[in-house]
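A.B. asks: Read off the chains here:
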Amino acid sequence: MLLLETIDLTKKFFGLTALNTVNFHVNKGEIVGLIGPNGSGKTTLFNCATGVLPVSGGRIQFKGEDITNSTIHEIGLKGVSRTFQIIRIFPRLTVMENMLLAIQQHQGERIISSILRTPHVRRLERHARERASALLDFVGLTSLKDNLAAHLSYGQQKLLEFIMAFMPNPEIVLLDEPAAAVNPTMIQKMMDHITRLNQEGYTFCIIEHNMDVVMELCHRVVVLNYGEKIAEGKPEEIRNNRDVIEAYFGG
Amino acid sequence: MSIFRLLIFIGGGVLLAGIPYSVTSPYVMHLIILSGIYIIFALSYDIVVGYLGMLSLAHPAFYGVGAYTSVLLVMRLHVPFILAFAAAGLLALLVALIVGYPALRLSYHSFAIVTLAFTLIMRIVWINWESLTNGPMGIPGVPRPRLDIPFLGNIHIETATGYYYFILIVVILTCLFIYLMVNSRVGRALVSIRENEVLAETLGVNAFKYRMIAFAIGGFFAGIAGSFTAHYIAFVGPEFTDFYYITMLLIMVILGGSGTVHGVILGAIVFTFVPEYLRITPEFREVIYGCILLLTIIFMPGGIGGKINDMVEGRRLKSHAAAGNN
Numbered sequence: 001m002l003l004l005e006t007i008d009l010t011k012k013f014f015g016l017t018a019l020n021t022v023n024f025h026v027n028k029g030e031i032v033g034l035i036g037p038n039g040s041g042k043t044t045l046f047n048c049a050t051g052v053l054p055v056s057g058g059r060i061q062f063k064g065e066d067i068t069n070s071t072i073h074e075i076g077l078k079g080v081s082r083t084f085q086i087i088r089i090f091p092r093l094t095v096m097e098n099m100l101l102a103i104q105q106h107q108g109e110r111i112i113s114s115i116l117r118t119p120h121v122r123r124l125e126r127h128a129r130e131r132a133s134a135l136l137d138f139v140g141l142t143s144l145k146d147n148l149a150a151h152l153s154y155g156q157q158k159l160l161e162f163i164m165a166f167m168p169n170p171e172i173v174l175l176d177e178p179a180a181a182v183n184p185t186m187i188q189k190m191m192d193h194i195t196r197l198n199q200e201g202y203t204f205c206i207i208e209h210n211m212d213v214v215m216e217l218c219h220r221v222v223v224l225n226y227g228e229k230i231a232e233g234k235p236e237e238i239r240n241n242r243d244v245i246e247a248y249f250g251g
Numbered sequence: 001m002s003i004f005r006l007l008i009f010i011g012g013g014v015l016l017a018g019i020p021y022s023v024t025s026p027y028v029m030h031l032i033i034l035s036g037i038y039i040i041f042a043l044s045y046d047i048v049v050g051y052l053g054m055l056s057l058a059h060p061a062f063y064g065v066g067a068y069t070s071v072l073l074v075m076r077l078h079v080p081f082i083l084a085f086a087a088a089g090l091l092a093l094l095v096a097l098i099v100g101y102p103a104l105r106l107s108y109h110s111f112a113i114v115t116l117a118f119t120l121i122m123r124i125v126w127i128n129w130e131s132l133t134n135g136p137m138g139i140p141g142v143p144r145p146r147l148d149i150p151f152l153g154n155i156h157i158e159t160a161t162g163y164y165y166f167i168l169i170v171v172i173l174t175c176l177f178i179y180l181m182v183n184s185r186v187g188r189a190l191v192s193i194r195e196n197e198v199l200a201e202t203l204g205v206n207a208f209k210y211r212m213i214a215f216a217i218g219g220f221f222a223g224i225a226g227s228f229t230a231h232y233i234a235f236v237g238p239e240f241t242d243f244y245y246i247t248m249l250l251i252m253v254i255l256g257g258s259g260t261v262h263g264v265i266l267g268a269i270v271f272t273f274v275p276e277y278l279r280i281t282p283e284f285r286e287v288i289y290g291c292i293l294l295l296t297i298i299f300m301p302g303g304i305g306g307k308i309n310d311m312v313e314g315r316r317l318k319s320h321a322a323a324g325n326n
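Here the protein sequences come in this chain order: C and W. Using the working numbering, the letters of the first sequence map in sequence onto residues 1 to 251. Using the working numbering, the letters of the second sequence map in sequence onto residues 1 to 326.
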């Protein structure tokens, strides 16, 4: 089943074309790798797909619905979770509060009953805490749940940002360089987590520069260069693709 | 622990209820009532500046809107005070929504400028709409509040004790509401927008909507603070929308600790009493305020409330480490 799809997606920053008529899709249950040299438009594609940047042309669809002009929170509430290239968490909130924030809007807004703490809201909050505890346990952050996120190490913050994305039980998770700037042990951990979560049914789209990670994890790889899709296929096909090698190492 | 808390609440309640009987100086009583007003005013400001993280300069305007609304309703249309009091808050809330709708879409700095412009405009309106506001003279002789409460009958607030109990109830209700709000999911969403708007939006928080809510609630409580002040000092005039209030609110909120309820309450009380006892001229007061603000931002950016929070957090971490859990 088709989850996320871009049709002729184009993004121009003034004169620069960051994305040029890119057709890209992710099916349910897949792990799709999005690779390409620096500045090839990978993160721009994520930003367009999540509403952070307005598109210049083309369309974006999620589960057959047009989301080209949807706002960031609308897209988030439809079930698109993401992480960022530079970690984004709430440093002055505790780990648990970070986790709870990731699900509360998905449980419905309910401004007045939230302030009055109706039994219904308390039940939702309890459910959120249980889910957060389970997920924190899964990545091994349970003992830090009451610490301020700012007091976590870089690797722990990266894990927190990663696991926050799963709080609302998302349809698709977009990961922007999950293995960047962390030690090899942590990379292995992250890969294990992604594999496990994929087996549980979560769909992934991953931007990654570490080729070992991409080759091992991804079912399908899409290569961007100067904002254009230059290749798409199974990891082993991509590894031997002349255009890709040229793009990465220069002709 | 809960019995301990209950005792604190009961003890605090008895203490607060007993104040009019133990304070003999009318001047001190006046300052206590004034600090009640400023607690409401400062907390309403902290929702916008502390929790939302937007520098609003529109608060004196909401204060003025609230004051004029209830005075005009009571004096011209003979509306019962308690209804006029509520209407003052609601109209200030409505005005906040109207100003906020365009202003809250702007960047941090532009928002500050637009709200500043609004305050200046409202002051000009009070001065020039003479048929309604009596111009720069203001409206003197505002009647003392009369509360028509079902089953309890008519209560005339005439003495300082009466004003004290009335403002005490309003302060308690305000603190309760704001405490509940900032510690609810709504408060959490507000803080998330302040901390990282893009991430908050990604997690499904409609930042604009929450900004509107916070700004409107801030306007509401500023409005009722203005209304009570007018009925307490029996006067309303353009000076209700004076820029002086911005410095006063900022010092209360920042020194008290922006984004904390207890800190701001403390800041409001301290900065009602300190200037009165220092007996300084208004011009020199501004200079001292400026110095205190600067020193606070440099040496204690979290304010008193932030310091208290840090101490609590430090003790928690220590006990955590001692228990060998960390």
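Hints are supplied without guarantee of correctness; some may be wrong.
[As the list claims (entries may be wrong)] Using 25 Å as the maximum straight-line C-alpha spacing, the simulated DMTMM-like pairs for lysine to aspartate or glutamate come out as follows:
{"no.": "1", "chain 1": "C", "residue 1": "LYS28", "chain 2": "C", "residue 2": "ASP146"}
{"no.": "2", "chain 1": "C", "residue 1": "LYS12", "chain 2": "C", "residue 2": "GLU232"}
{"no.": "3", "chain 1": "C", "residue 1": "LYS63", "chain 2": "C", "residue 2": "GLU125"}
{"no.": "4", "chain 1": "W", "residue 1": "LYS209", "chain 2": "C", "residue 2": "GLU125"}
{"no.": "5", "chain 1": "W", "residue 1": "LYS307", "chain 2": "C", "residue 2": "GLU97"}
{"no.": "6", "chain 1": "C", "residue 1": "LYS145", "chain 2": "W", "residue 2": "GLU313"}
{"no.": "7", "chain 1": "C", "residue 1": "LYS145", "chain 2": "W", "residue 2": "GLU130"}
{"no.": "8", "chain 1": "C", "residue 1": "LYS78", "chain 2": "W", "residue 2": "GLU313"}
{"no.": "9", "chain 1": "C", "residue 1": "LYS12", "chain 2": "W", "residue 2": "GLU197"}
{"no.": "10", "chain 1": "W", "residue 1": "LYS318", "chain 2": "C", "residue 2": "GLU232"}
{"no.": "11", "chain 1": "W", "residue 1": "LYS307", "chain 2": "C", "residue 2": "ASP146"}
{"no.": "12", "chain 1": "C", "residue 1": "LYS234", "chain 2": "C", "residue 2": "ASP212"}
{"no.": "13", "chain 1": "W", "residue 1": "LYS209", "chain 2": "C", "residue 2": "ASP146"}
{"no.": "14", "chain 1": "W", "residue 1": "LYS209", "chain 2": "C", "residue 2": "GLU109"}
{"no.": "15", "chain 1": "C", "residue 1": "LYS189", "chain 2": "C", "residue 2": "GLU130"}
{"no.": "16", "chain 1": "C", "residue 1": "LYS145", "chain 2": "W", "residue 2": "GLU276"}
What the hints contain is simulated information worked out from the structure, not anything from laboratory work.
A.B. asks: Which hints from the list above does the structure break, by number from lowest to highest?
C.D. replies: 1, 3, 7, 8, 10, 13 and 16
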